[in-house]
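Asks: Protein chains in written order, with the numbering used here: chain Z, 1 to 423; chain A, 424 to 797; chain Y, 798 to 1105.
Keep in mind that the hints were calculated from the coordinates and are not lab data. No residue lacks a Cβ here, since even glycine has one placed at the ideal position from N, Cα and C. Accuracy of the hints is not assured; some may be wrong.
What the hints assert, rightly or not - Under the rule of at most 20 Å between Cα atoms (straight-line distance), these lysine to any residue pairs were calculated in the SDA-like manner: (1) Lys247/Z x Ala870/Y; (2) Lys242/Z x Leu1074/Y; (3) Lys212/Z x Ile530/A; (4) Lys645/A x Glu434/A; (5) Lys242/Z x Ile1069/Y; (6) Lys124/Z x Lys645/A.
Stated by the list, open to error - Listed next, with one range per pair, are the computed distances between beta-carbon atoms: (7) Met610/A x Ala410/Z: 52 to 60 Å; (8) Thr509/A x Ala1066/Y: 26 to 34 Å; (9) Ala889/Y x Asn182/Z: 49 to 57 Å; (10) Ala734/A x Thr923/Y: 14 to 22 Å; (11) Ala435/A x Asp992/Y: 17 to 25 Å; (12) Ala752/A x Gly943/Y: 56 to 64 Å; (13) Thr275/Z x Phe811/Y: 26 to 34 Å.
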Amino acid sequence: MTDDTSKRKSGDVNRRAVLAGGTALTASLFLPKSVRAQDYPTAEINTTGLAVTDDAVTIGILHSITGTMAISETGSVQAEKLAIEQINAQGGILGRKIDYIQEDGASDWPTFAEKARKLLVNDKVASVMGCWTSASRKAVLPVFEQHNGFLYYPTFYEGLEQSPNVIYTGQEATQQIIAGLNWVTREKGAKTFYLLGSDYIWPRTSNKIARKHIENFMDGTSVVGEEYYPLGHTQFNSVINKIRLRKPDVIYAIVVGGSNVAFYKQLKAAGIDMTEESPIVLTISVTEDEIRGIGGENIDGAYACMKYFQSLDNDNNIAFVDAFKEMWGEDMVIGDVTQAAYLGPWLWKAAVEAAGSFDVDKVREASPGIELTSAPEGYVKVHENHHLWSKTRVGRAKPDGQYEVVFETADLVEPDPFPEGYQ
Amino acid sequence: MTFSSFMTRKEAFGFLVLAAVIFLVLPLALDAFRLNLFGKYLTYAFVAVGLALFWGMGGILSLGQGVFFGLGGYCMAMFLKLEASTPENTAIQSTPGIPDFMDWNQITALPAWWEPFNSFAFALFAVVAVPVALAFVIGLAMFTRRVGGVYFAIITQAIAAILTILIIGQQGFTGGVNGITDLRTLMGWDIRSEAAKTTLYFVNGALLFAVLMVAHYIRKSKLGRLLRAMRDQPDRVRFSGYNVASFKIFIFCVGAAFAGIGGAMFTLQVGFMSPTLVGIVPSIEMVIFCAVGGRLSIIGAVYGALLVNWAKSTLSESYPELWLFGLGALFIAVVMAFPNGLAGIWSERIEPQILRLFNRSKDDKTAPKRAPAE
Amino acid sequence: MFSDYSWADLGAIFAMQGFAGLTLFAVFVLMALGLAIIFGQMGVINLAHGEFMILGAYVTYLVSTFFAEYMPALFSLYFFVAMFLAFLASGALGLLVEWALIRHLYKRPLDTLLATWGLSLILQQTYRSVFGAREVGVSLPDWMMGSLPLTDLIEVPINGIFVMILAIGISTAVYVMLFRSNWGRQVRAINQNRDMASAVGINAEWTDRLTFGIGCGVAGVAGSAFTMIGSTGPTSGQLYIVDTFLIVVFGGTASILGTIASAFSISQAQSIMEFFLSGSMAKVLTLLVVVGILMLRPQGLFSMKLRK
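Just need the whole structure built from these sequences, with the hints factored in.
Replies: Quick look at the structure:
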């Protein structure tokens, strides 16, 4: 936590980190065009009174840095700051440096709405990188639609939403779920599934999609149990016993937050060795970030299905991981959402440059079709529905807290926030 | 009851100052965004006034006021959600015409207990009636068995926990952890616009004053004197032939009604209702608003709610990483140094000074030299 | 629902479910004991109880990192050192807090609630500033994470046994201290009549401070033990607050035995209901039953004397 206390920052936090990342990215794609601010007069590229001056543009960062969600959201804040520093090191956007105003959502949904309104109405930010939980997004959504703000939302989520004022840089549920279920059935011969989750909308909707897929779209597979525990629940011995009784091939676990730690520790203590794969544990909620809290030795052998793992072996990702560690410390780990948050500022930059304007309406119009070949996860592209085309991968947890990628979809998976047949 | 027996000159002065702050100073000094925020803080003041009544005067501490606030807010939110969920607005759903979160949870028809909330009159009735009914049941069970003090606090806290888990767990009917969001219009009036938010601020202020008058009336009435007597010497009141429990139930229900109104206004002002307003943390915070304001003073409670929330917002904007230190220190400081809160500081430190000035200049003989009766 | 399973399966499951209930019981006892001392004997509502527990967890984390770094050979034993240090750290913080805050508030028990809430906010933010906003992973010695296979079907988690032994040990220690030691006599004397106790020469001020410190220390040990089953983060402590207070109140304050009895009944109820219902509903029903019983019997399971 070196610079979180400061409100506005631009430029020179950690030159070396910025340059390291900057050069790597430059090498891969972002050839710095010699963009000069005077080529784009402020009056022309900002017709709606956003916080754009001749040499700077202000955006907002809106995450929880206090309260229970700070555990998860810290990584996103760090990734967004890194991306902003790197963009600034390359000369910013349309010749303007990015300044940011950071607000604390405090893990409280009304506070998110309040701060979103402040950022859009008082600070006139050109875009906002923010939110983590679905509840916080739902709380700020009317504010963004009313004041025509533009939000980059990083978390994998349940879908069923498509706002003109949001770009969803994480995967929606079908992207994340279906490939993993197909893989575990095909490769591991799994037939029976036990669905488990924390009790709120994302796990419930995800499990609904999983259940539909298991029951209607695959052969001979069935769900043998489905169960939800309150957020923050720390006692899972009873459900572990139920799982023993039903003997499923796969425990499909969407437990989140502090419950995650309790669940995996108790699973291991109950003598269920995940490396033996009976049953297989398949999760869509445990990124490398969560493993830090769980402890690598406690989740060794579990499978996770998402679009990004820190261990991905490509040049973009290696440069990204290096730059991230350089800026935030060697012991940092990077999870799926952190990487998706990192895409936010870059996607916005690309869209602004394609539009030649900061105006939200023009940026929105330019967004579909924006490509990012430099993304750590590989190549992504913005779909008409404001979600990203991306690959889905299955990783296997190792004791050191990293995932080993064991499967990757051949093609990009099309985002489908309103899936037919899964409602 | 004549005016002077209803309100002393000093009390009238206090209400006038508060009215000036709410209706003149804040609207003139703040831009639309900040005023809207203060509108939200005012909705918490309803709860704080209720707490000042039954905690300050009645000695009953409830750590579950969020429950009543939330119930009032949910009743209003259900009405607004039904209004927003017209078949045209929800055409992309598999079942158009029902709230979006029901559709996401494979509910294909509006549950029967939602039906009455199509009526605005019923929703308004429910905003007060539902919290009061629950408060009555809790009060009946607890006060007739003479549960009080710490026990009552812990049990109400548990009730807040239960309701939160229940709302989150029954997401098909309640919107779950997201709450009931994306509320748009009230009887066709768009509540999202800046103008509407400003109007709502003044409605909030006016309603708050109505509530303050009711609270003041209760304080001044025989009931108020009995409550104070019960707080300090419950047995003597009981031996005098009064039914202590029924008074406590009554005042607890009044507090719940205030909280319910506050919750409903919160829903209108903020545009959604969520279970985070129901749980333990907000419930404790509401007690803190009251404590900071001075638990004996209903006017102090309003200032407390405004001040703490304003401090929270501005501190968290300026020092996002450190503001909790400031907030925590504020609570400790209030409890340690100013047990009677802002009202105590006012009546012990500032008011005597003003009175002295006042007396010196005008030699007003009606101003009491000694401490007032309380 | 059971027709599909063999008797051997069912027997094994019920045995393990019974054991799960006992583990939950032990966890509840550990959670509640510290509070039972503070709340029961002193009437102080310590809303920062969860934060004292998490301090113990963080101490455990630090000790485990230290052992892994400098004394890997002794790593398997670090947990005992950690628990002892957790007791000292939380206890010392307790003494400090009593001296700075609580002693000024004995006449205003409800105000302790507000002050300790402020304290809990400050402690949370302190943990966040010192250890970072993310959870820390406490690595445990291997012998603690396994399970004992009793039969082919029944496996008993070792950390469950460990928590149980710890719960028994600490309750016994607290019981002996309260009812057999000089300190315990003094605590009980002050609890019954403070002025009289002072008059006969008991140093009430110091006894109070020690009591509060010991209560917090026990919370620290509990937090240390919970690194085996739960998460360690700045806000993890809040997860335990409602359950803890409810157990103490349900047991009837001022009675350690009551606390244990109430922990037993609540844990068994919850564990049985969790088996037959879904998790969320089980929790709601358990809390409802407890609140319902408290409404009928407000003095709790074991009442000492007056009610207020």
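Asks: So, for every hint listed, does it hold in this structure?
Replies: Verification of the hints:
1. Lys247/Z x Ala870/Y: violated, 39 Å
2. Lys242/Z x Leu1074/Y: holds, 11 Å
3. Lys212/Z x Ile530/A: holds, 16 Å
4. Lys645/A x Glu434/A: Measuring from Cα to Cα gives roughly 18 Å; hence the hint holds.
5. Lys242/Z x Ile1069/Y: holds, 12 Å
6. Lys124/Z x Lys645/A: violated, 54 Å
7. Met610/A x Ala410/Z: 52 to 60 Å: holds, 55 Å
8. Thr509/A x Ala1066/Y: 26 to 34 Å: Given range 26 to 34 Å: violated, Cβ gap about 45 Å.
9. Ala889/Y x Asn182/Z: 49 to 57 Å: Between Ala889/Y and Asn182/Z, where Cβ atoms are some 56 Å apart, the hint holds.
10. Ala734/A x Thr923/Y: 14 to 22 Å: holds, 20 Å
11. Ala435/A x Asp992/Y: 17 to 25 Å: Given about 45 Å between the Cβ atoms, the range is violated.
12. Ala752/A x Gly943/Y: 56 to 64 Å: Violated, at about 46 Å.
13. Thr275/Z x Phe811/Y: 26 to 34 Å: Given about 28 Å between the Cβ atoms, the range holds.
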